Amino acid sequence: NAGVTQTPKFQVLKTGQSMTLQCAQDMNHEYMSWYRQDPGMGLRLIHYSVGAGITDQGEVPNGYNVSRSTTEDFPLRLLSAAPSQTSVYFCASSYLGANTGELFFGEGSRLTVL
Amino acid sequence: KNQVEQSPQSLIILEGKNCTLQCNYTVSPFSNLRWYKQDTGRGPVSLTIMTFSENTKSNGRYTATLDADTKQSSLHITASQLSDSASYICVVPRGSQGNLIFGKGTKLSVKP
Numbered sequence: 001n002a003g004v005t006q007t008p009k010f011q012v013l014k015t016g017q018s019m020t021l022q023c024a025q026d027m028n029h030e031y032m033s034w035y036r037q038d039p040g041m042g043l044r045l046i047h048y049s050v051g052a053g054i055t056d057q058g059e060v061p062n063g064y065n066v067s068r069s070t071t072e073d074f075p076l077r078l079l080s081a082a083p084s085q086t087s088v089y090f091c092a093s094s095y096l097g098a099n100t101g102e103l104f105f106g107e108g109s110r111l112t113v114l
Numbered sequence: 001k002n003q004v005e006q007s008p009q010s011l012i013i014l015e016g017k018n019c020t021l022q023c024n025y026t027v028s029p030f031s032n033l034r035w036y037k038q039d040t041g042r043g044p045v046s047l048t049i050m051t052f053s054e055n056t057k058s059n060g061r062y063t064a065t066l067d068a069d070t071k072q073s074s075l076h077i078t079a080s081q082l083s084d085s086a087s088y089i090c091v092v093p094r095g096s097q098g099n100l101i102f103g104k105g106t107k108l109s110v111k112p
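Going down the list, the sequences are from chains A and B. Everything in the first sequence is counted per our numbering, starting at 1 for the first residue and increasing by one. Everything in the second sequence is counted per our numbering, starting at 1 for the first residue and increasing by one.
Chain B with its partners taken away, still in its complex shape (with noise of 0.2 Å):
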């Protein structure tokens, strides 16, 4: 079955730490993988697509990591700010056009 697993499910840490999000995906074939940032009440907006030859990207204070054996990415947030409290989302595209399948997503709350 074609699944993407996110955890934690919510983490709550202190500004100025570093956090790792965790991203499972059982999606076969595998072609990419993204990463989307979304604020409360707000629609996701894109932080990294990485496809099957990347191991890591980076975006700002945002790091990707990929292994597509072990079918396992990361996201590692670095410095972490007040805006970074948000969900974060993992998704892979499967097969046929349009069918994109989500992560339940992160929920990082970054406390002062």
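For reference, chain A alone in the conformation it holds in the complex (with noise of 0.2 Å):
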């Protein structure tokens, strides 16, 4: 019973590296998402998909691109990674939809940029 698994757990780029962050989930959910968790901030939405093939910006989305060719994977791509970038990401899916159904969460991946 994987639920979301996101990819991998810890990351160190340099500045000006490109990355892709990987998450798959089991459960059959349309809805996918992905976060950032800064210190003293509650999360943020950076992109969103309702389906394969459809994805939307959320609150902070420059510096990230995603794509949703399937129903299981959402992959998040940072192009040219900045310090600013530094976070802890958070991958989450919904049955129903992020403002109806429970989200479910990955586990999350801290990345550095130096």
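These are computed hints drawn from the structure, not numbers from a lab. Incorrect hints may appear among the rest.
As the list claims (entries may be wrong) - Distance condition first, Cα-Cα at most 20 Å in a straight line; then the derived EDC-like pairs of lysine to aspartate or glutamate:
no., chain 1, residue 1, chain 2, residue 2
1, B, 111, B, 15
2, B, 1, A, 72
3, B, 107, A, 107
4, B, 107, A, 73
5, B, 71, B, 54
6, A, 9, A, 72
7, B, 104, A, 59
8, B, 104, A, 107
9, B, 71, B, 39
10, A, 9, A, 30
11, A, 9, B, 39
12, B, 71, B, 5
13, B, 104, A, 38
14, B, 107, B, 5
15, B, 57, A, 102
Everything numeric in this text was worked out from a predicted model, so none of it was measured.
Fit chain to chain and form the complex, with the hints in mind.
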């Protein structure tokens, strides 16, 4: 019963490098999303998807790209990492959508950009 | 401005004691309010989802209350255990799909 799986758990990047955070869910949820969590702040939405082939921006989308080619996977790409992107990133999915259904979170990916 | 404010920021209690965490929101229109528990280094886990018509909802030793008139919610933990040490986050949806407003959380420490 895996739920939402994120990889990697930890990553250190240098400024300007690119990388992809992986997220996979095995619950057949249409809704998937990415959040970042910074000290002293609530979680903030980066991007979300309501189904395969459909993505939309959240509150803080700059510097991040997403795609949704399958129901199961929702990768988050950092094209040119900046120190301001140092954060803990959480992927979450929901059967009914974020506003009405329960959100299931992954365990997080801690990213440090030097 | 749509906001979710939680208090206190942090709380230390002895094992076996009860405690109450507060959440005030100004989100409109209101549809539901959620409480999540986040253990250190882990992802948030849902405790309760309360809709407009629900005043009280329990999940084991956790009891959430909602007053939609005053826009306040509380999370009461009974007979605390060491495993209750975590951050508790209040969340309210706002408008369009995916738009959740997360409070900053209350960090609870339960000491033996």
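We went through each hint and held it up to the structure:
| no. | hint | result |
| --- | --- | --- |
| 1 | B:111 to B:15 | holds, 6 Å |
| 2 | B:1 to A:72 | violated, 35 Å |
| 3 | B:107 to A:107 | holds, 18 Å |
| 4 | B:107 to A:73 | violated, 32 Å |
| 5 | B:71 to B:54 | holds, 13 Å |
| 6 | A:9 to A:72 | holds, 19 Å |
| 7 | B:104 to A:59 | holds, 16 Å |
| 8 | B:104 to A:107 | holds, 18 Å |
| 9 | B:71 to B:39 | violated, 27 Å |
| 10 | A:9 to A:30 | violated, 24 Å |
| 11 | A:9 to B:39 | holds, 15 Å |
| 12 | B:71 to B:5 | holds, 11 Å |
| 13 | B:104 to A:38 | holds, 10 Å |
| 14 | B:107 to B:5 | holds, 14 Å |
| 15 | B:57 to A:102 | holds, 15 Å |
Checked against the numbered hints above, the structure violates hints 2, 4, 9 and 10; every other hint is satisfied.
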